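S.K.: Take a look at the letters that make up each chain.
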Amino acid sequence: MTTGVDQDPGHPAIELAGVHKDYLSHGETVQAVRRMDLSIAQGEFFSLLGPSGCGKTTTMRMIAGFEEPTGGTVFLDGRDVTRVSPNKRDVNMVFQSYALFPHLTAYQNVAFGLERKKVDKAEIRRRAGEIMEIVSLTGMEKRAPREMSGGQQQRVALARALVNRPRALLLDEPLGALDLKLRQQMQVELKRIQREVGITFVYVTHDQGEALTMSDRIAVMEAGRIDQLGTPREIYERPATRFVAGFIGTSNLLDGTVESVSGDVAVLSYGEGERVLVPVSAATGVGDALEVSVRPEKIDLAQDAPTGAGLSVLSGVVTEVVYHGTSTNYTVKTSAGPDLVIFDQNAYSAEDLAGPGDRVYLSWSPQHSYPIGV
Amino acid sequence: MQSNLPDPSLIRGLTQRRLGRRDALRVSGLSAFAMALAACGVKGTGSTAPSAPAPDAVAKYWAGKTSNGKVDFANWPLYMDPKHPELKKFTAATGVKVNYQEVIQEMGPWFAKVQPQLAAGQSIGYDLMVITNGIQFKQFVSSGFLAPLDHAKLPNYKANADPSYANTAYDKGNVYSVPWTSGITGIAYDPKKITRPITKLTDLWDPAFKGKVGMFSDTQELANFGLMALGLNPDESTAEDWKKAAEKLKEQKNAGQVRNYYDQSYIDALGKGEVWITQAWSGDVFQKNVSDGTDFKFVIPQEGGTIWTDNFAIPITAQNPLDAIKLMDFFYEVENAATLAEFISYVCPVPAAQEQIKKDAAKLSGDDKAAMEAIASSPLVFPAPSDYAKLHYYVDFKTVAEQQQFQSIFEPIVLA
Amino acid sequence: MGRSRRVLAPYLLILPGGLWLLLFFVIPMVTMLSLSLQQGDIVSGYAFTGHWQTYVDAVVNYRTQLVRSLIYGAVTTIVLIVVAFPVAYWIAFYGGRRKPTYLFLLLLPFFVSFVLRTISWRYILTDEGMLLGPLKSAGILPESFNILGTSVAVISGLVYNFLPFMVLPIYVALERIDPRVVEAARDLYADPPTAFRKVILPLALPGVFAGVLMTFVPASSDYVNSAVLGSSSTTMIGQVIQSQYLTSSNYPTASALSFTLMAVLLIGVFAYARALGTEDVMKVAAR
Amino acid sequence: MTQVLEEEETAVVAAPRRSRLTGGRALHIYTWIVIGWLTLPVLVMILFGFNDTPGRYNQTWEGFTLKWYGQVFALDELTKALVISLLVAVATAVVAGALGTGIGYALGRYRFRGSGTVNLIMFATMSSPELVMGASLLTLFVSLGVGLGAVTITIAHIMFSISFVAVVVRARVLTLDRSVEEAAADLGANAWTTFWRITFPIIMPAVMSGMLLAFALSIDDFVVSNFTAGTTTTFPLWIWGATRVGLPPQVNVMGTLIFLGGVLIAVVTSIRSRPRRPAA
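Chains as they are written, first to last, in numbering that gives the first Met the number 0: chain P, 0 to 373; chain L, 0 to 415; chain D, 0 to 286; chain U, 0 to 279.
In case anyone wonders, no lab produced these hints; they're calculated from the structure. Please read these numbers as outputs of a predicted model, since none were measured by experiment. The C-beta atom is built at its ideal place from N, Cα and C for all residues, glycine as well. Heads up, some of the hints might be wrong.
To be verified - With a straight-line Cα cutoff of 25 Å, these simulated DMTMM-like cross-link-like pairs (lysine to aspartate or glutamate) come out:
| no. | chain 1 | residue 1 | chain 2 | residue 2 |
| --- | --- | --- | --- | --- |
| 1 | U | K66 | L | E302 |
| 2 | L | K191 | D | E127 |
| 3 | L | K249 | L | E334 |
| 4 | P | K332 | P | D263 |
| 5 | L | K296 | D | D177 |
| 6 | L | K157 | L | D386 |
What the hints assert, rightly or not - A short list of chain P residues far from chain U (calculated; beta carbon distances all over 12 Å):
| no. | residue |
| --- | --- |
| 7 | G64 |
| 8 | F65 |
| 9 | S84 |
| 10 | V93 |
| 11 | E195 |
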């Protein structure tokens, strides 16, 4: 790590080094966060994604200063803030419940942080006005929180945090209380605002769709540790663990043994004409057990056997067909193991490709097979 | 006062902590702090104080006392014109400011309220109070709570007071007190409801008035009527007499004669028709008739009535005793005694006030004049010697134990 | 960050108020217990002798008043339930938007001093007063009829003065009942009386329980109503205690009676709580 | 009392239609009868404040007059008693408000060893007979040789009011969103600022209604005051003392004015605390 002042852009905005957190609950130690190392870059939109209880909120609260790590160090801009109380940390938070001050107006809520910093009145007015414009709240200054809609309250919470120009903005499931439409609208909005203000966002969510659409990078957490850290594309296309594969979108998981390796493609065979081709590294050899993930939308379903040689092919019987509007989902029982799910875009075919009981063939390109845990 | 103590070891025995080891074990469940408190007990005050002060007590008490230009005066409610003309006059004449408070409502409670402060040697906030002769008067005296009066400072009293007041059983020679006013306990009745004239105490036992009789809840007042109904003089009664009187009163109660045992609210009950015939205090009936235009009769029964006196007294811890005694004496100026009697209509301790009231009446006209003349000629405000002859004093207790015995005999009548 | 400060914070917050309650509630109770075991008189002072006999004498001498007070308290409480439940029920289920108005009207009289309110009843109930006077002159009631001074007057006064403490808890309990629960009962073939008995009543019971808790103790230990509206034949233990303290200055007897009264009431309350199977008395009372 | 007035207005009609027509109407009438019964003594009290009684006994109706309203402060002692009552009540509201808020906040906000004991003592103070509390305080003061007066009255009133304030405040603190306080800390407020700028204003309505409750309990108290007053007289004590000879009409007038004052405060509080409708 290079020496430098706070402003040094060379530092990551946030760095966790060996941070862990234990709770004592009913006499038993629960490890909420296990030895975590994490580095979040300046200006990054970073998401902590995981089911409830995975430790993502605890991680965020340690960054904010509401929880003190049992061990390890938290750095903000290269400065050790592990024992610094939240009001002295240069990060701000958007709470899940917004936590707006009910007795203050929207404007007073926004001005609260600047007042604490003893910024002079005119400057507060200028900055508050500016930020309220960014979050489209101009004209709402005198409203009390209870007189505003959920989306508006959300924006106040956002403006209240952003107006302080924090090193990083922490958002704890901020869209959870909004309905679907508003949520989607706010996702776009948040991304825009983040680009506009250029502040590091740390976003905690259990909604994988939200994380995928907004984030530069995502850390998928499970049981107190990070399972996978990467860009949305990496996470989605190349899930590192069974958990990630299952948690992010829908995945078809296949177990098999390597029959042969040609070049960087391994072949798993399941019977007459049925095979799965998996791109692998050089280390993989014949006889190795592999677990393979295939996304449902990558699979083609047809009544006839496919002709291309370079494809993975499985056959099976359709057990269920569910119409979803944009796609039709088929569940197919194959000999390869668990039932596979196939999403077929309703782009061309107005009719179902097959009905329950039909025998069908499934095929996909080798690059869509991804070995897990390799 | 030390000179009068009988035996120092006795005093110690009476006031000493008496907590032994065995006692301590009995309450071992309590915390140590509680034990400390338990051991404290409540400090006694009296028993060391003789009923008569040492010869030099007056001189000792009054030595070095100076006037502070103010006096705090505790009295009963509605015992003075609410505009306090006499007090204003006093202040104008002497420059001494009077803080007048109607805080005394019953003797028992009053004693219970001020006892802790007096026992602790603290000021009770009053320099002058009006207390009735009776159990608590005795307690005040025997606890040493009253300042001995310097009669050299009471020239008006000497000149104008009815001399018979110097001879009372409760304060012979007016050592601690001089009268504020006296009252007679007799019988009041509503002639609209009771057509025959009431003359006897035993009329309170007349079955014709079943459920319409009021008696006093004050055990002394109640006992007096029981005793007098049996032809006994309360002043000289014995414990045996008390038991007989209690029987007589229980008989009345069990027969359903008594509507209730009242404090001063009997007058209210009489006015509302709750009772037709009741034990009563003279002044109340008079004021009731004057103010409400009623026509209740008050009689001193043939068997006798009792006379009680409310007295000025100075608590021993008074801050301004010199101003207090000045005010005391002020009320013995004939004019002031007259205006007071004109308003409160109780027995005036200054005989010459009668003439003064007549003079005052002459200045008025119409109803006011008639009312004023009525006061001047009322035997209830200025009783004639023949009236006094029928009046008895309260039971006089020699010891606390005697008083407690008395209390335990009569209290169940009132409380059950 | 200030871990120790955070641990200390609740204690620091409680300290002043807690100290106050310790000094002026707990310690006085202990002092009173101590005083009840002392002997002496107000003039010569009291000393601790552990004299338990005071309790025996006090209870024997004043058993009539003690028992009477408990009976009055119990009757008052039962009458209160009967009077208050329909009112609370109607406001909770039929009050609609006017609920706060009705509650306000119920509480309105209690903006007048307790003593004054009770005295006001004296004016109304007096023998020749605005209630009985006309009835008597019309010959409907005999001339000697009276209400004041009777148990009826005292209990009416108690019921009057403690009514809000019964109505409010029952109302709160009823108000919380989800109307859909009642509808569900009707849907499941319960006729209205059955729905009331099987659904509303059990759900309202905690409110009744709280109401009993809030009225039985003060009603049993009251002395103002009996003093103002009663007579010597309605004397309650509160009057005896008050008079022992404030008229006779007989502190040991008075303290012993106070303690006995409190013990009897508390045992009663807890036995009642047990019988009802409500474990958390405090939660109900705290509502 | 104000707590109840704050109840949200929800138009819920639960009972089935049929009983609405029969049982409902009977109960409606019954409720009004009870309200009438409750209000009767108050009306009598107010009425007799206008009684043109010639003397000092105010017991039979003599005709209408407004003169007592002009002479409401003519009785010095009564006025003084009222002033003492008000001063004691204000002191009680302030001190019990502060101490009770401390306890209520601690109980609502933290889990700590000893909270059970505090709860128990609070329950005991609320369920003990007033008579016993007053009497035990008297024994304490007597044992310590402390003189009785306005100070001891105030001490006693604060004692029995603390728990009520604490209960009201605790209820509010329990529903308080903890993240609001965290938000304040997050925005740079230290613990002190957070409490005074955020937490306190939010629990303020509860503190206020706790203080109002303490005020009401204090100004109305007779029993405990009777034991701890010594030579001092409060408004209820004065009435109690004066009632044996008949109440002067000024008592009715003051009673009426206190009544109207209380009603006014209650109405204003309930209007101010009525929740406004959210925009969406």
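S.K.: If you test the structure against every hint from before, which numbers come out violated?
M.R.: 1, 3, 4, 5, 7, 8, 9, 10
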